[in-house]
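Going down the list, the sequences are from chains B and R. So that you can map any letter, position 91 of the first sequence is 91 in the working numbering, and since no number is skipped, the others follow by simple counting. So that you can map any letter, position 178 of the second sequence is 178 in the working numbering, and since no number is skipped, the others follow by simple counting.
In case anyone wonders, no lab produced these hints; they're calculated from the structure. The reader is advised that the hints may include incorrect statements.
Quick look at which bits of chain R chain B covers, simulated, 3 or more residues with Cβ under 8 Å [as the list claims (entries may be wrong)]:
id, stretch
1, 39-48
2, 56-70
3, 83-94
4, 158-171
Computed from a predicted model, the values in this text were never measured in an experiment. Note that CB positions come from ideal geometry on N, CA and C, so glycine has one too.
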Amino acid sequence: MATHSPETTHGHEGGTAHHVTSSRLLIMTGGALLVLTVLTVAASFIDLGALNDVVALVIAITKALLIIFIFMGLRWSTQIPRLLSLVGLFMLLLLIIATLSELLTRVWVPLPGH
Amino acid sequence: MAQQVARPTVPAVPRAAAPIEAEHHVEHLGHHYESLDQQHHANMVGMWVFLMTEILLFGGLFCAYFYYFAAYHEVWMEATRLQNIVAGTINTAVLIISSMFVALAIWAVQTNRIRMAQILLALTIVCGLIFLVIKGYEYYSHFTEGLVPGAMFQWEGPAEMKRPAQLFFWLYWVMTGLHAAHMVIGISIIGFILYKTMKRTYSPAYFTPVELGGLYWHLIDIVWVFLFPMLYLMGGHYGQ
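Using the sequences and the hints, build the whole thing.
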């Protein structure tokens, strides 16, 4: 496996040459995730109108990216997991956007309660 | 036909001649892999494929959530405000810290700090259990407040919202319930890895199962990172 940062790469006889994410980076990432959690709760108590929902989702996506790239190591991974995660993201967005299009184009009969 | 008959006899000779012992010299190496490195990559690819199926499993529920969120926005505002935002925030922090512990446990095994890895894995399990206890407390509160969709549903908000409000709580129970089931499985997996770590199975040369268990745990964390704003914050508009 090709890893590119020499100070974090350990080779082993008969074993794996593998990226080791430093404990310092992991703790900093955990701290950043906690700060973002406080931020998202604080932001939900400020009246931003419809932007409240956007802010909550953007912060959640930022947190998810930190977890995926650093905790799950996608930043140092080989190509296939990266490709797979993109496929998963694409399928998820397709699922949600395609379904929501039904609501946006619904003129023939209102949903109950409307 | 002639080829198919001839084939099996060809590898039979070297297979018998090659010392089978040599294949087992590398500990933890499956017989169908060439090296630990190859095995590690194959396992990681398999795990990521599995994680993508998990994304789509939860994705179906996320899809339902966003559909009804868009359709009944004003109902969401009333229903979200019945949530215990303090419990949700504490649980988010607990899960993030547990994810950090798992990531640190992998680092500890990779750098041959086995004792520290054991402590970090145990702390992960403790965090997982704290999460489930707080979740259980919330479930109990919701149950006694009658916030369970169905004939017994109690609703003190605007009367015309009583029906769609049950959509919110149906999504709440199913999404957090599926997530909690994943937590129970995750705690079991981390428990198994902790047991194997106590038995000194893992070392800087072999730690693939620790990484795979960590990936599963992180995925559960990511799902919660979205469930928390969706079920406790969004639509609540606490500032208004």
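Quick rundown of the hints versus the structure:
| no. | hint | in the structure |
| --- | --- | --- |
| 1 | 39-48 | holds (count 5) |
| 2 | 56-70 | holds (count 8) |
| 3 | 83-94 | holds (count 4) |
| 4 | 158-171 | holds (count 4) |
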